[in-house]
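Number of protein chains: 6
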Amino acid sequence: MPGPQRLVDGPAFCGVRTFMHLPQATELSDADAAIVGLPLDSGTYYRTGQRFGPEAIRNASVLLSAYSTAHRLDVFELLSVIDGGDAAVLPGDIPMSHRVIEAHLRPLYAADVVPIGLGGDHSVTLAELRAAAAKHGPVGLLLFDSHPDTWDECFGQKYTHASPFRRAVEEGLIDPTRSTMLGLRGAPDGSEDWDIARRLGFEVRTAAQLHEQGLGGVPAQARARAGTGPVFLSFDIDFLDPAFAPGTGTPAVGGFSTAQMLCLLRGLAGVNLVAADVVEVLPAYDVAQITAMAAAQVVFETMALLAVRRKAGVA
Amino acid sequence: MPGPQRLVDGPAFCGVRTFMHLPQATELSDADAAIVGLPLDSGTYYRTGQRFGPEAIRNASVLLSAYSTAHRLDVFELLSVIDGGDAAVLPGDIPMSHRVIEAHLRPLYAADVVPIGLGGDHSVTLAELRAAAAKHGPVGLLLFDSHPDTWDECFGQKYTHASPFRRAVEEGLIDPTRSTMLGLRGAPDGSEDWDIARRLGFEVRTAAQLHEQGLGGVPAQARARAGTGPVFLSFDIDFLDPAFAPGTGTPAVGGFSTAQMLCLLRGLAGVNLVAADVVEVLPAYDVAQITAMAAAQVVFETMALLAVRRKAGVA
Amino acid sequence: MPGPQRLVDGPAFCGVRTFMHLPQATELSDADAAIVGLPLDSGTYYRTGQRFGPEAIRNASVLLSAYSTAHRLDVFELLSVIDGGDAAVLPGDIPMSHRVIEAHLRPLYAADVVPIGLGGDHSVTLAELRAAAAKHGPVGLLLFDSHPDTWDECFGQKYTHASPFRRAVEEGLIDPTRSTMLGLRGAPDGSEDWDIARRLGFEVRTAAQLHEQGLGGVPAQARARAGTGPVFLSFDIDFLDPAFAPGTGTPAVGGFSTAQMLCLLRGLAGVNLVAADVVEVLPAYDVAQITAMAAAQVVFETMALLAVRRKAGVA
Amino acid sequence: MPGPQRLVDGPAFCGVRTFMHLPQATELSDADAAIVGLPLDSGTYYRTGQRFGPEAIRNASVLLSAYSTAHRLDVFELLSVIDGGDAAVLPGDIPMSHRVIEAHLRPLYAADVVPIGLGGDHSVTLAELRAAAAKHGPVGLLLFDSHPDTWDECFGQKYTHASPFRRAVEEGLIDPTRSTMLGLRGAPDGSEDWDIARRLGFEVRTAAQLHEQGLGGVPAQARARAGTGPVFLSFDIDFLDPAFAPGTGTPAVGGFSTAQMLCLLRGLAGVNLVAADVVEVLPAYDVAQITAMAAAQVVFETMALLAVRRKAGVA
Amino acid sequence: MPGPQRLVDGPAFCGVRTFMHLPQATELSDADAAIVGLPLDSGTYYRTGQRFGPEAIRNASVLLSAYSTAHRLDVFELLSVIDGGDAAVLPGDIPMSHRVIEAHLRPLYAADVVPIGLGGDHSVTLAELRAAAAKHGPVGLLLFDSHPDTWDECFGQKYTHASPFRRAVEEGLIDPTRSTMLGLRGAPDGSEDWDIARRLGFEVRTAAQLHEQGLGGVPAQARARAGTGPVFLSFDIDFLDPAFAPGTGTPAVGGFSTAQMLCLLRGLAGVNLVAADVVEVLPAYDVAQITAMAAAQVVFETMALLAVRRKAGVA
Amino acid sequence: MPGPQRLVDGPAFCGVRTFMHLPQATELSDADAAIVGLPLDSGTYYRTGQRFGPEAIRNASVLLSAYSTAHRLDVFELLSVIDGGDAAVLPGDIPMSHRVIEAHLRPLYAADVVPIGLGGDHSVTLAELRAAAAKHGPVGLLLFDSHPDTWDECFGQKYTHASPFRRAVEEGLIDPTRSTMLGLRGAPDGSEDWDIARRLGFEVRTAAQLHEQGLGGVPAQARARAGTGPVFLSFDIDFLDPAFAPGTGTPAVGGFSTAQMLCLLRGLAGVNLVAADVVEVLPAYDVAQITAMAAAQVVFETMALLAVRRKAGVA
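Protein sequence lines correspond, in order, to chains A, B, C, D, E and F. Per the working numbering, the very first residue in the first sequence carries number 112; after that it's consecutive. Per the working numbering, the very first residue in the second sequence carries number 112; after that it's consecutive. Per the working numbering, the very first residue in the third sequence carries number 112; after that it's consecutive. Per the working numbering, the very first residue in the fourth sequence carries number 112; after that it's consecutive. Per the working numbering, the very first residue in the fifth sequence carries number 112; after that it's consecutive. Per the working numbering, the very first residue in the sixth sequence carries number 112; after that it's consecutive.
Looking at chain A on its own, in the form it has when it is part of the complex:
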């Protein structure tokens, strides 16, 4: 069963940087999940350079190991995971890049392989959702983000990293009634910003609420709302505070720690995850790889969620 290099196999710093040293494969028949890089950053309206996000996350991933102490399981005893390379996006051409991404992902869905995307800016999630919905129909969205990304337009443009979830609802890719947005705090342009998300049907939990009320029941509520249907987990790394994730495009103070991130992600055990991504890692602003390491951990936790289901015999 394809799996990562084990620590006992040799030093983690040896070898070409696929995600966790997983085999880079195009053969999908044996795989349960695949890491896919989505290095598009043409949809950004502030800092840019997220195209190097997949490189950075792969580099940082080699320090991860296979065992989840939270879920008490070895991810790769339960799941076969490959590194599926990158979609060959076209810088400067968002619509075409979205088509490239969708085309890159469709064979994965056809082969029942769960794709885990490495952004790239958040505009890539729209393309991922198109591929997901083509297989599963409208999915529940679990969004970790400091922004709702539900603007209609940004400088007259409709397909930037400010609008993927507006578009996704319009295109019927998301079922908002099963969806939750967590961590909103970043500079809204007016009172409308977050109300739009609510009016689109999303459950919105702002950072201020989470900081005040604590994270206690939050994962359970998100799970309950998501129900048993297919769920897409999208993690914008700016959910984390800039102290924990400086390497991102539109950082927002007042965010969350990685300890809080782990608490929330691990609390989602049981959701019917059909895809996930971690986006907006911008290595040129990272320091000592801390953003990339946090992103790699998010990927690991999503794989662990898949493994939990497999272990329980439901996936």
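Source of the hints: derived by calculation from the structure; they are not laboratory data. Here the structure is a predicted model, which is why all the values come from computation and not from measurement. Just so you know, even glycine gets a beta-carbon here, dropped at the ideal spot from N, CA and C. Among these hints, one or two may not hold up.
[As the list claims (entries may be wrong)] Between beta-carbon pairs, the in silico distance windows are:
1. Pro134/E / Glu264/A: 53 to 61 angstroms
2. Gly325/B / Gly283/D: 38 to 46 angstroms
3. Thr288/C / Arg309/E: 55 to 63 angstroms
4. Gly325/C / Glu138/B: 52 to 60 angstroms
5. Gln324/C / Thr339/F: 54 to 62 angstroms
6. Ala245/B / Ala214/F: 35 to 43 angstroms
7. Gly312/A / Val425/B: 32 to 40 angstroms
8. Ser140/B / Ala335/C: 42 to 50 angstroms
9. Gly248/F / Ala335/E: 55 to 63 angstroms
10. Ser140/B / Ser302/A: 51 to 59 angstroms
11. Ala331/C / Asp223/F: 38 to 46 angstroms
Given the coordinates of chain A, work out where chains B, C, D, E and F should sit on it, guided by the hints.
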């Protein structure tokens, strides 16, 4: 009404960096508040280079937007704010620089414009307080800082960033009975350090106390103590932990997050703010602008406090 | 006459960062030249983030002073220069951004103001050339660059930073018989790359040639070839070696020092400069502002070239 | 009594960087404690370069001051502390380096001087424990770490930074029944990893437990378990979250803040500390010295714990 | 024929980072040359962390392209090159790591594949030379380095990065009469240092000589001395000046530019290269990848030297 | 005889960072020369933070070794050198700091110890010259600098880093007829700037001249002009190009390489050096210590110049 560039006006990364793209103006008659750079760093006894603080904060400010989700208002619908440029300090000459700063601020007070200072080291606050008190009489001080800055002398010098509040009390610029110091923790030189602050009449809340007891009632207590009189809010960026604000002169571990900072500042709604500053931003030690972004947010929160009062019809 | 802040006016680190503290103006009638930011980076095929180039160059420019020791003149006694702000480009939409840039520049040409552009990626030069040629007809090009930027397409895209001079020749904006390319060395995709430039009619001086033969007669040859007609000087900062300009998008080893850059630029005194730009400054990869400082110096040298002509009474 | 430079003696940035400007001494008769650098990093299996840890910690230490506000005492009125220089380790030769370290420490124990080690990777602690146990017999261990460091082998090697506490138990240097491990979270290689530590007899408190249950009773429990016997406190800087300590070899997200670190360390007042170290500081990955400052604070807190005992008359 | 991704295949920033996106292969039958990572850094006596050198060089290599303008050929039309992964070295165990490296390289030699090593510290070259000499007998050495690396011992250790060429001569791996050392300047421990190299039989060209006399005839002399026999080219990145290669272990001021490096390497066309390496890249000290890019260029130039021979029909 | 740690004594990264591990001593009777830190930066008009220059230079110095290949001598076999610690300057008070520096140096002169200063900003040289002239009378100055530092005033201040040599001539500390300034290029405020230096009597060699004419006869000319009288060598690190010395206060493009620096300094063998300094190292802007290493090398070269004289029996 002068205001910042809106996000709909074009990308935030376009244009000369005034604070939030606010108009740089010398005409004060239409303004409610003015951003003023105070790039003095000759009063520092450890790291120096705070002279580039205003540049860094202005650069970081362009990612801010006008709407306060905490107070549910658009700051620039309520307030007219300008960027008043920098006071032309003289490096190496603290007394003269203090006179320059005071002279730069007096016309603002004369025109009923609230000055919001961008330091510079903390010695600049003494000059700001002189201008403030000349208009308002002794003010209440709300100090966010890891140090009390109430030494008498430092290597025989009386006007450094270690002593502004000692001097200010001596000069009758501050009413300690309406004043609170929050966050003290940085290396004191002896038992006297914090006792001096208490003996001068300040309410002192140490970091250890705040960490142990939580921040719950703290803003309300500070507001109650401040009463209805004029208040000066001074925010030394080293109130934040070095993880959140590495770019500063005398960092102190065991500090606060930006989430905690927001909780405290937003809880001050209602105070009669007549001036504010954010000081000790030292860009040469910053990473990925996180310190500068935090400082810019502090400025935004103080403007929002002014807007709350305006909205309530009391300013 | 509008000019920069002089050193005697106060510390260079004081004040909002326009280029050299020049007045930010929209009134063109008194101006001889104008600095214009062109923060587009959607045309990049490797590193991106050049949108922050104008900010970085302005920040670095304040250490410059008015006097040219090479030409023995005070630039601002001879020229009136303003900071004309930034063109409000649209990230992700190159054609529209090019129209915005051209529209931003046309009034300058109408008012006989020489525009000096701050990139942004090299795709912006096409828009600048369109505005220049609309006024002056085909211009001679003096290109400092490690790449010829004369590809036809890059991933099927025709308007990226790999093709501006191909497009410019096709559109009749450049007169190649009066044009010289200096410094070519960066990774060509095949034997064709530089031959294309030659076939388009450019004089090509590769880095290998310049290193072997020395820079002695080079400026004179470029001047002779340019003749008396209008000349556009475009300086891609990757002409410099990565050691001298690490902050750029497609760095190429084996480049030039800033001393060599000064030698070449100063040797161009006499050319009929009608526009200039410095492009591809990417601050996220810069260290200690050395790239931005080099770029600011390029701008100063181009202004000095204008002043030389003014002093000689020919402009 | 040997002590550090006081703030009143002159600026902290003056003078050769011994720890806190303490006298560098080889004469031990007057000393109560000694700082000793242990710049070995040959035992690392991921990032390396901890050999510059002592330099960085000393550099950062000069901003500390003598007074502990937590314990209300002046450390250097109670204790005489020297900087004992570095053990001359041999890079690439772990066993020999361990012998060098032990030989460097033995005279300190002979003179009743408490050694406080500055790592270096965590493998140095084994050598320190050998010297400690030679004097005191098996010691209680208070370990702050994201990993238990109890592997048997790592790539067939038995004396790396992955195994010191396994070896120490085998060699009878530690009494696990008096020992506690705090903060475990870093990538284990399987279910065995932490169970090994438990089976060796250690009390294990994982990061997940501490985050969920809070730190309230933790120091008291650790003190109770340690009893009155001799205790070795070992602080791996990766106990802190990468946001607070990016400069380390095997960072692990989901860690602790420096405020939490202070809470825990200060809560240990009363333990019978006979030695301490802070390890795994890797300056090449540090930013703005925040990791080194945190490490220097750990050293200060351990000195303060010694001073508490001295003040109480029990040491 | 295995080759790299071409620029026309898609953006260089897409895809897993093998060297120049070359296929990672274990099948050697079709290959002419193979990139092999040798991430050992246990042999360093100053800065360490060269274990991340191969990662950094691979990351930087993707900006290279296939065509050599100097030699007017497309490397990958002439040569089939693969990325052969990394040798699984054991940190802390130099002799064992050397055996691992040698074992990793022997099959390449058996299959007539030219290995191009990515260090790692310079101690790895000894292991490479053992594999080379096993196939070819004593080789000529072309060494670019600021140090001769011919110490007998360093702190009693015989197999560090200070001694590979002493050992290699002793073991009969090198034919000094066909060997040249270029660029010596780094801190020698005494008059003996360079005399040893000379007495061992090497031709020594110091940096001072090269700077004074120019590089004109140097490559031809080195070629003439090397003759027609097999040659090993070893490039210690500290041959370059720290301005051009800051990311290295024992930098030495007064070095060479990358332009000079290109001049020398390209002048070696014709030598009978049987192996090459580039060593001592230490990414933790690199800035903006300039060191890694220079190292990647060295690799490209060595491949181009192989292609020149192939084109000439002599290999 | 006091000397540095030898490489054979142990790894250079071990031990407290005095300059080259030289003994820190207050006993002067055995010493020929002494390193003295002068961490004043209150005289800076642009970037500041040079107070950490001595720390950084000491840290970087440990990689130096004792043998000069240029002069073929072991410096410490000929000279006894100590690390004399730092003068306890007062930040913000230039006149008082100058008195402290002079007082710190006078005992050295009294004991016939040659002081080698580590700045600090260039204003410290005035204090050094006062001490030098008190012993030796007016000295010849050999200045390596991008600026002449001969302004009369800077913002009305007479004792900044812009004026030391104006003041020194006025005070009769320098004999301009024996003095040479090398490397001038940095932004002058007008035609007067360099003419002032010439009118004061200095020989001025601009960077443009040196780049054009080469460095061939330059050291000999400077030596000839200096004659046999006492000479003070002052090296402002911004003589080097920002690529070679990014960590400085007022960098100027178009500068010199470290290879050129070595050529010039080594060419001065024979001058009657009575003091030297290296100033304007600003570590907060340094990268990978390259500036600090260059400065440490300057110190070494000045010590070697002393050793040359000692070897020749003239000192």
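Do the hints match the structure? See the list:
1. Pro134/E / Glu264/A: 53 to 61 angstroms: violated (43 angstroms)
2. Gly325/B / Gly283/D: 38 to 46 angstroms: holds (45 angstroms)
3. Thr288/C / Arg309/E: 55 to 63 angstroms: Since the Cβ atoms of Thr288/C and Arg309/E sit about 56 angstroms apart, the hinted range of 55 to 63 angstroms holds.
4. Gly325/C / Glu138/B: 52 to 60 angstroms: holds (56 angstroms)
5. Gln324/C / Thr339/F: 54 to 62 angstroms: Check failed, 43 angstroms falls outside 54 to 62 angstroms.
6. Ala245/B / Ala214/F: 35 to 43 angstroms: holds (41 angstroms)
7. Gly312/A / Val425/B: 32 to 40 angstroms: Taking Cβ atoms as reference, Gly312/A and Val425/B lie about 39 angstroms apart, which means the hint holds.
8. Ser140/B / Ala335/C: 42 to 50 angstroms: The hint (42 to 50 angstroms, Cβ to Cβ) is violated, given that Ser140/B and Ala335/C are roughly 58 angstroms apart.
9. Gly248/F / Ala335/E: 55 to 63 angstroms: holds (57 angstroms)
10. Ser140/B / Ser302/A: 51 to 59 angstroms: violated (30 angstroms)
11. Ala331/C / Asp223/F: 38 to 46 angstroms: violated (56 angstroms)
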